[in-house]
Amino acid sequence: MGIVKSEDLTFEYIIRDDDDNVENVKTAVDHVSLDIEAGQFIAILGHNGSGKSTFAKHINALLTPTEGTIWVDGIDTKDGDRLWDIRQTAGMVFQNPDNQIIGTIVEEDVGFGPENLGVPTPEIWERVDASLEAVGMTEYRHHSPNKLSGGQKQRVAIAGILAMKPKCIVLDEPTAMLDPNGRKEVIATITKLNKEENVTVILITHYMDEVIGADKVFVMDEGKVVLEGMPKEVFSKVELLNTLRLDVPQTTELAYRLEKAGVPIRRGILTIDELTTELKKLRAGL
Amino acid sequence: MLRDITIGQYYPSDSVIHRLDPRVKLFWTLIYIISLFLGQNIFIYGIAGVFLLMCIRISKVPVKFILRGLKAVIMLLMFSVIFNIFLTDGEVIFRIWKIKVTREGVVIAVAMAVRLIFLIMGSSLMTLTTTPNDLTDGLEKSLGFLKIIHVPVHEIAMMMSIALRFIPILIEETDKIMKAQQARGADFETGGIIKKAKAMVPLLVPLFISAIRRAYDLATAMEAKCYKGGAGRTKMKPLKYKRRDALAYLVIFAYLFIMIMVKVYVVA
Numbered sequence: 685m686g687i688v689k690s691e692d693l694t695f696e697y698i699i700r701d702d703d704d705n706v707e708n709v710k711t712a713v714d715h716v717s718l719d720i721e722a723g724q725f726i727a728i729l730g731h732n733g734s735g736k737s738t739f740a741k742h743i744n745a746l747l748t749p750t751e752g753t754i755w756v757d758g759i760d761t762k763d764g765d766r767l768w769d770i771r772q773t774a775g776m777v778f779q780n781p782d783n784q785i786i787g788t789i790v791e792e793d794v795g796f797g798p799e800n801l802g803v804p805t806p807e808i809w810e811r812v813d814a815s816l817e818a819v820g821m822t823e824y825r826h827h828s829p830n831k832l833s834g835g836q837k838q839r840v841a842i843a844g845i846l847a848m849k850p851k852c853i854v855l856d857e858p859t860a861m862l863d864p865n866g867r868k869e870v871i872a873t874i875t876k877l878n879k880e881e882n883v884t885v886i887l888i889t890h891y892m893d894e895v896i897g898a899d900k901v902f903v904m905d906e907g908k909v910v911l912e913g914m915p916k917e918v919f920s921k922v923e924l925l926n927t928l929r930l931d932v933p934q935t936t937e938l939a940y941r942l943e944k945a946g947v948p949i950r951r952g953i954l955t956i957d958e959l960t961t962e963l964k965k966l967r968a969g970l
Numbered sequence: 088m089l090r091d092i093t094i095g096q097y098y099p100s101d102s103v104i105h106r107l108d109p110r111v112k113l114f115w116t117l118i119y120i121i122s123l124f125l126g127q128n129i130f131i132y133g134i135a136g137v138f139l140l141m142c143i144r145i146s147k148v149p150v151k152f153i154l155r156g157l158k159a160v161i162m163l164l165m166f167s168v169i170f171n172i173f174l175t176d177g178e179v180i181f182r183i184w185k186i187k188v189t190r191e192g193v194v195i196a197v198a199m200a201v202r203l204i205f206l207i208m209g210s211s212l213m214t215l216t217t218t219p220n221d222l223t224d225g226l227e228k229s230l231g232f233l234k235i236i237h238v239p240v241h242e243i244a245m246m247m248s249i250a251l252r253f254i255p256i257l258i259e260e261t262d263k264i265m266k267a268q269q270a271r272g273a274d275f276e277t278g279g280i281i282k283k284a285k286a287m288v289p290l291l292v293p294l295f296i297s298a299i300r301r302a303y304d305l306a307t308a309m310e311a312k313c314y315k316g317g318a319g320r321t322k323m324k325p326l327k328y329k330r331r332d333a334l335a336y337l338v339i340f341a342y343l344f345i346m347i348m349v350k351v352y353v354v355a
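Heads up: the sequence lines are chains A and B, in that order. At position 49 of the first sequence the residue is numbered 733 (our numbering), and the sequence of numbers has no breaks. At position 199 of the second sequence the residue is numbered 286 (our numbering), and the sequence of numbers has no breaks.
Only true hints are included.
The list that follows gives simulated cross-link-like pairs (lysine-lysine, DSS-like), each with its CA atoms no further than 27 Å apart:
hint, chain 1, residue 1, chain 2, residue 2
1, A, 900, A, 879
2, B, 158, B, 147
3, A, 851, B, 322
4, B, 315, B, 228
5, B, 266, B, 283
6, A, 849, B, 315
7, B, 282, B, 263
8, A, 849, A, 900
9, B, 266, A, 831
10, A, 689, A, 849
11, B, 324, A, 849
12, A, 900, A, 868
13, A, 831, B, 324
14, A, 908, A, 921
15, A, 944, A, 921
16, A, 851, A, 879
17, A, 879, A, 689
18, A, 849, B, 322
19, A, 851, B, 315
20, A, 849, A, 879
21, A, 689, A, 710
22, A, 868, A, 921
23, B, 327, B, 315
24, A, 762, A, 689
25, B, 322, A, 831
26, B, 147, B, 324
27, A, 831, B, 263
28, B, 234, B, 315
29, B, 285, B, 263
30, B, 315, A, 762
To be clear, the hints were calculated from the coordinates, so they are not data collected in a lab. Here the structure is a predicted model, which is why all the values come from computation and not from measurement.
Model the full assembly from the supplied sequences, consistent with the hints where possible.
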């Protein structure tokens, strides 16, 4: 069993009218079964309303499944007694950087998680120092979070999670409210954490460019996992992705159009480097 | 324009008073206020005034910052002075038609004004030398005994610090909404008080909605970070008494002792 494993996970939002009668039931997550290996960089893709965020909240036990089961590091999230173990194992970073920072000073915010866990004071300081270092925010430790850019705030939020020493970090659209520079910062930070600290990363996003470096990609639509595999495999299915209202990375799109126009180019090209080598090879072959 | 508002009037400096434990400063404020009510006597006010000036000196806070705090209560001060001067019975100094000024009235008015001014200067000195964070920490720790009667002290302190964190964010948001409404023709500047108050409605409704949404997000984020209230929580920056704090306590008690002695032997 991997670090996160779900079996037939289903979650229904019940919409009630003013008299508390059930008006409508919306299935946000529909029989999702997946298994995530420890240490991997996982991306979950989907357009708005595909159920990806609802699924993410299950990993942190913020929501419990209506049907089916999800295990985090072998713990069933329905087990109320181990709720805090689950939340410590799987930390969560949210979309809005302002609404998840609690401290009035950067280092105090990073210390908030360990304080909650009852970590002794000297160790809190060690953890805060290490976490700020890992996200490259040490020089801002005495600043007020209000003075930071969006990308920096998100890195502080990531440091706050890191200080709880999780095995797995779930990021729920962490870049949706950031400018392109901030997005790059955040993605670079989590990629580094995954490679160097060996933390499992589960990135929920709808930006295709961010998932190129992932070990595995899941594509969700209407609450179901419709596609899974290596980024290469997933992005070679351009038509299917388009019907799911998802864009492919620009390079992949270009390669796809070239192929359609009759250029014998291979599928699943993701980066600019790959495309240039491929095109050079073609030219040499001509 | 809203960006200029500063909340919490902390004056950064590196004085001994700044570095004191917030609990000491809270205690100081309490004792000082009590001491002002020991009696209306020139000696009592004199000692209180000298002590206050000494503290201000040590704190290195410019006096004009402390006087600024008085602006807010100037009206209240005027009211109490005027009423006391004209409405107290006693030995008449002079009278114009039905309005008379009495000796007792003047004494009470002056005493009252001095007391109020010292009171405000004393408590401003505390807020000027203590960061809002230290203040909430200090309150949490010194009011800890209230937990016995189930007052959620930790939770109240947490709410205070979250409020402090969100004030600048909400101010920025108000600014944004104001501009958005102005762009659609809303008018916040002209008209009387009632018209201006009415103009605030389209500002407040979106502000409240967004504040509630933020509160919900923040609560989720706190839960995700294993926040479960005060029990079992450790502190990153625990309050610890140092030698200077013990000394400060000594000074405070000495002050209180002197004041009581003055009250017992000089005044009575």
